[in-house]
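Assembling the complex is the task here: the two chains are given apart, and the hints tell you how they should meet.
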Amino acid sequence: MLEMALKGSKRYWGWIISLLAVMGVGFSCYLLQLNKGLTITGLSRDVSWGLYIGQFTFLVGVAASAVTVVLPYYLHNVKTFGRITIFGEFLAVASVIMCLLFIFVDLGKPMRIFNILLYPTPNSIMFWDMIVLNGYLLLNMVIGWNVLEAERNSVPPPRWVRKLIYVSIPWAISIHTVTAFLYAGLPGRHYWLSAIMAARFLASAFASGPALLIILCFIMKRFTKFDAGREAIQKLAVIVTYATVISVFFVGLEFFTAFYSQVPAHGMHSLEYLFFGLDGHGRLVPLMWMFVILAAVALVLLINSKTREKESTLIVACVAVFVSMLIEKGLGLVVGGFVPNPFEIVTEYSPTLPEILITLGIWATGFLVLTIFYKIAVSVKEETG
Amino acid sequence: MRGKRMDRRTFLKVAGACVLGLGVMPVTDVFGGNDLPKILRNPNALVGKKWAMVVDMKKCWDNGEEGCVDCIRACHRTHNVPNIGNAKEEIKWIWTASYENAFPDQKNEYMEESLKGKPFIVLCNHCANPPCVRVCPTKATFKREDGIVIMDYHRCIGCRYCMAACPYGARSFNFKDPRPFIAEVNPKFPTREKGVVEKCNFCAERLAEGLLPACVEACKHGALVFGDLEDPESNVRKILRSNYIIQRKPQLGTKPNIYYIV
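Order-wise, the sequence lines are chains A and B.
Per the UniProt record's numbering, the first sequence starts with residue 1, numbered consecutively.
Per the UniProt record's numbering, the second sequence starts with residue 1, numbered consecutively.
No wet-lab data here; the hints were simulated from the structure.
Every residue gets a Cβ at the ideal spot worked out from N, C-alpha and C, and that includes glycine.
Covered stretches of chain B, as calculated for chain A (at least 3 residues, CB under 8 Å):
#1 84-91
#2 125-136
#3 154-161
#4 166-172
Looking at chain B on its own, in the form it has when it is part of the complex (with noise of 0.2 Å):
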């Protein structure tokens, strides 16, 4: 009797606690809580819902030296993209590709002599319905709120089912160790190691740091334009508004954000 007068005791003081905590947590939050993220943002940074990309290649041929590749070059420097010198085990986040290449849904035996042949500017395609973040199996290919599709290569295990998911070939796989094949390291951006994948991120660490990808900033002629889809009154959609586009590949679904003007 006496054990189950004490437990008695001890519930009615425990719940009166407790009913005291639940009193007192709006005050907590109130004063204690914040809606402050964990780690500041550069009150700089480029902020988007979803980043997209218009190339203008009319831009680029007519206006570009012939073979002109400083995007290309400016984005391998940024981010310590390797030269490896060997077509099988390239490194590549940005290059070019014929049209026929490119686009091999969208070419015909009489297609306008303009774009027979002519190098295309490709890369990682940022779908809002990817592939390669749904096959890969420890999530170290994710696509950000933002829409940008990144890979964390510490988590990579080097499956290279995202390879085999992408219908863009615009990922790479470091079959070897890849830092004796950079000229010129980036101190600002990581190298990787042999074993892992690697794309196109969209420069998601400069666009923290309030700056355009290095590629569109590179372009002298302003064929590579970057910004917000769903603000109407951005830069790209203003673009897509008033020109005829097409997209890689558009009858697979995975709905590219790469948009190109011929």
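Pulled out of the complex, with its shape left as it was, chain A reads as follows (with noise of 0.2 Å):
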């Protein structure tokens, strides 16, 4: 089926010239970071990982979001997402391997990876976030590309797949309850270090990730001839209605507890920074601010059916949940934690151009697999009709 992916318009060639472009870009800068290490980077002693991490676990809840169509269609047999659990999954696919690359630019020693896999080590949580990272990617892209093969055969998939259809489900649950334990259980970052944060993160994934979803829906109406259908759409958009609320009241959960109990241990310190600005630092409160601002966007447009069934007002209200999610968990969470330092003292943070460069780099990477999967799944679906 890979050949699909080799016939296409000028449009279709032009795009993925200009991603090569920027994959371009980003892996030379990636060179000068190989050659002159992390000093590249905005990063410091006292914020040592920032955005590279940052867009790491943002997309991790991308990838897990695939379980938001996957398991209404095969669990209580949705039809209306038949059409579309396949972009479903290729999105998980794309969104993995973004993942894993942002980890890997990440590493200071990058060529003593395989350390990991060489002294296993299951008190690590990192440990535990590579065999559920990778099993992830490999249970989508078995799935995805057996049943899109069946479907151009047309005949139902082998019954095996079916059965690892049900392990993704719990899977994709897994991917992203793991990465949040990266954050959650470490003493010292207190605003980690809070009980609901795999709920968070599980929450803020859920409405990312489908919203993406229906972006790329809607410019697949654009430009292919696939449609998939106002119904699955607007199933998908109450999806996303009812996580970004959720995301919300759980951001709202971490204020009260921290700022009614006025433990400045408990978060305070952070969410003061990040909102309001602490000793005179504040480089993120814009950033912050326009998280919520976009976020209360987003939950007028969604929450009033009228807008929300509304093509154009829905399109806004999923570009406003994805990006306002991208600061809050892409950038925000992770710098939060490390601010104010143990010391109780502000270091902040800002990416330099390269580490910026690098990321474009990751992610036109992942629109690239991303395309070449879309572009497969949508000729055998004109091919079948």
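Dropping the structure here:
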């Protein structure tokens, strides 16, 4: 089926080439990083994880969100999702590949990455994260490919694939739970030391992932013959609505615990730094308020059924959800854990240009994988009608 | 039939040899085996079950000259700690932090004047329950039997999870190649390369030669005392018995092994 990705319009090839160009720029910046070390990033002794790990954290959520179409379709027989489950699965594949790349570029000694396999360490959550991420990647590639092949041949997918699909449902939950556990179990990082961390991660995942899927469906409708169907998109929109409400509610819970208890150690300082600024430092304040505003706009547009059902406002709402969660998970959450540092000193962080270009390069890689898989899936659907 | 009989014969031969072997085993243990470790330990090596340090800040402030950094200088020189000259990428094994910063949970507005803003010597706490060891995905950070939390720089993949986990900010990362920033290389201790984390190792390499940690040796006023907590007669236990001591962030359950007299 891969050959289907090699036939395309001029616009298709233009898009592929521009992605390759961004990847090339990112890769050359990565070579610079390999040569000079992580000194080319904005990271420091105090904020030792930044944009890379933030993006990884956010994208694990996008990957996990495939379950929002797979679960209703396979467990509750929601037939309208039949046409788009494959897109959910391929979105998961592209996101996990990006996650793995973001971890890779964050390593100080990437050539030693196999030490994780050579010295398996079950007490490290990172070990389990490696297992669940790679397992999820494999599951979705095998499932997606086989389901699509079966569709092309107009036969039902083999039985064992169905079993794998059932495995993939709790597995999707596990990837985001384990990623939340990377943060949630650390003494001294009060902003992360919260029992609802995994729940927060899942809620934001089920908001941002399907929001992206809706946007992708509209893009496909515009540029290809494939139409996911109004009903499927509206059902997804309802999922995005509930997940966004829960996600914002969970952030509110963190605020309550921190500020009503007035215990500085319970994340109060970090929240102050992120949303109001601390000790005269407030580089992230505008971004965090953008998160608040975008989330509010999204909620208004989504909860109101009139705007949710209207295509143009739904797109605005989905973009707002996606960008707001990208700010909150992809930067604020990680940096908030490190600021203030263990000495209660504020060291600020902002990504440098090479760091941003490497990040864009990885996003371009993800979009390339996504484009190729979606191209194949759309071609199959066009072929079979 | 013939083949089967041969099988039985072979079986008996092998079984006999095995039984004989088992009988011989204890003898080889007596003559062939020994309890000596594969690498001989220096007979002068300092051995302990749970190394700890007492930092007597009173002695440090009262006897030392203002701004005395003998311990820091000795440690950093011994271990080829580079001087990066940039707070964000700084490498430090032992350094000073004000009371309010080192003990953020134990300060108050009307605090004793003698403590306000006073510099405290801080270093890795060699926790009995170290979070950095728990999170390391490659066992590059591990705890030795004598309680020293130590690193294998050659195994570290530079993921910096240990830096996120350490509540004492005791870990530094080599953002760039540290070698050009070492004023005078001590050939007896390795230098590091870019991309790995490093930290205080309680001078494990000096203990193995029967020497006290470099910082302890360098302090002219005996403000730093090193010893074995499991030995009731050790110098550290004697001090702990008769002084009021504090630890950094004891509420986190990491059980730090650096004790402070204020």
